Amino acid sequence: MQYLLLIYGNEQNSAEMNKAAGEAMMTEYRVYTDDIAKSGHYKGGNALQPTKTATTVKVRDGKRQLTDGPFAETREQLGGYYLVDAKDLDEATDLAARIPGAKWGSIEIRPVWSMPSA
Amino acid sequence: MSVVSPRETIARLYRDESPRVLATLIRLLGDFDTAEEALQDAFAVAVEQWEHNGLPAKPFAWLVSTARFRAIDRIRRDARFTSDLDGRAVDAQAPERADSSFDDESGVGDDRLRLIFTCCHPAIAREAQVALTLRTVCGLTTDEIARAFLIPVPTMAQRLVRATGKIRDAGIPYRVPATNDLAPRLDAVLAVVYLVFTEGYAASAGDEVVRVDLCGEAIRLGRLIVELMPAAGDAKGLLALMLLHDARRGTRTTDSGELILLEEQDRSRWDAAQIAEGLSLVEAALRQGPTGAYSIQAAIAALHAKAASAANTDWRQIAALYSLLVERAPSAVVELNHAVAVAMVDGPAAGLLLADSVAARGELRSYHLLYAVRADLLRRLDRRTLALAEYRKALELATLEPERRFLRSRISELQLRDSDRAPASRES
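Quick note, the sequences are listed as chains R and V, same order.
Residue numbering for the first sequence is 1 to 118, as defined by this note's numbering.
Residue numbering for the second sequence is 1 to 428, as defined by this note's numbering.
None of the hints are false.
Straight-line Cα separation of at most 27 Å, DSS-like style, residue types lysine-lysine; simulated pairs:
no.: 1; chain 1: V; residue 1: K166; chain 2: R; residue 2: K43
no.: 2; chain 1: R; residue 1: K87; chain 2: V; residue 2: K166
no.: 3; chain 1: R; residue 1: K38; chain 2: R; residue 2: K87
no.: 4; chain 1: R; residue 1: K103; chain 2: V; residue 2: K166
These are computed hints drawn from the structure, not numbers from a lab.
This one's a predicted model, so the numbers in the text were calculated from it and none came from an experiment.
The shape of chain R in the complex, shown without the other chains (with noise of 0.2 Å):
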């Protein structure tokens, strides 16, 4: 099965970590994908610009409305996500509980739709 990894954390608190930490946190990334990637596992991934940089778009009665922001207002936030391969629910927590993230945000697994193949 394939589960998405939704990765969510204070953005704020990411934004003020100072340049040591920062690095820190992105070499046990690379790490991470590293390793899930040897190990098969990896379909995909990757980290998100903050949400001040998002923008929601909706159409109604054929028109579009555009608003400056993320869909909702939370105290975490989608900061990244990884798309990965586990043959169940269990297999794809080992893999979300080893997100770097998961140490101060938290991790959402979200199971993919299988769609009948055509």
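Dock chain V against chain R, hints included.
Chain V in isolation, oriented as in the chain R frame:
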């Protein structure tokens, strides 16, 4: 000898065998809902065939293979319309050889254990874990579970549908966790069993006629886990704890539902056989180790059960066990119980000191027993005005009617005695 009709035999088999058959079917078919449908189908066939042909030699094997055929039929029928087998774990090509392959029931225990761990998976909400365990492991109906927890049947049905849906869609595995993960996962299983028990125990003064016996179900589950996981010491401790509490269930209230305190219960009416079983399980659990929180609580319950009278209770041991429990499974409620035990050994002043330090931390601010305990200790220290105030706070917070009646009677006792005395009482 009374003649048992085939229909009655099938009804009994349904009650006894369906949880075991279901556990195996879930493994074979890989899906809760498919397994449940197949089980119903198989029993429908059984009613038809067994009435004419008599019981098969091995009902369990017959039920499993019939259910499996039915499931495969269904999937084939569906597949004709969707042209896709949707990755189901059924080997639709080779159902023919299945006929005799379920004679061996040795794997059934493993299937049931898998089912227990799946139902109590931490990714499922606790209340849904409880419902799912009662539905699939114990074989209770949705109606029975809804009634037992006093919630509407549609709400319970929805809770179960959501839980089985999550197991399927989120890929919750159907297996006993690996060794390094087993301890916390077993704790979650035991917590579910204990929750079923305490729900039944707290409600035992209620309308028992329409409510299924949750204490009995919890004890059955406890027995099953002890049987399936002999290495789990704390599972034995939990079973012992439940047996020892349950042994005095009938003596906890009067016929009219008044609460009877432990020291005033009629010990001759405690269930001696159940106490004996509980005591030997406690010993086994403590010998086996490592000593878990349920085993310690069971050891405490054992000391109460062994005491010929309240006055003969070994409070020194109980106090020691509570301080061990404070260490192993710290909680304010456990500390409060420790205070009560210490008061029995070293006097109410020593107990009050401990109870006050629990109260000072504020976690139990809205817990009626905190005030009831302090009230009782103050009463024993003859500090009546303060005791009265504490009893009143307890009464404000207590919700169970027998407990409220008990608190009210204590209050009027104190008021009565107070009015006998000179108006200026010595109060610190």
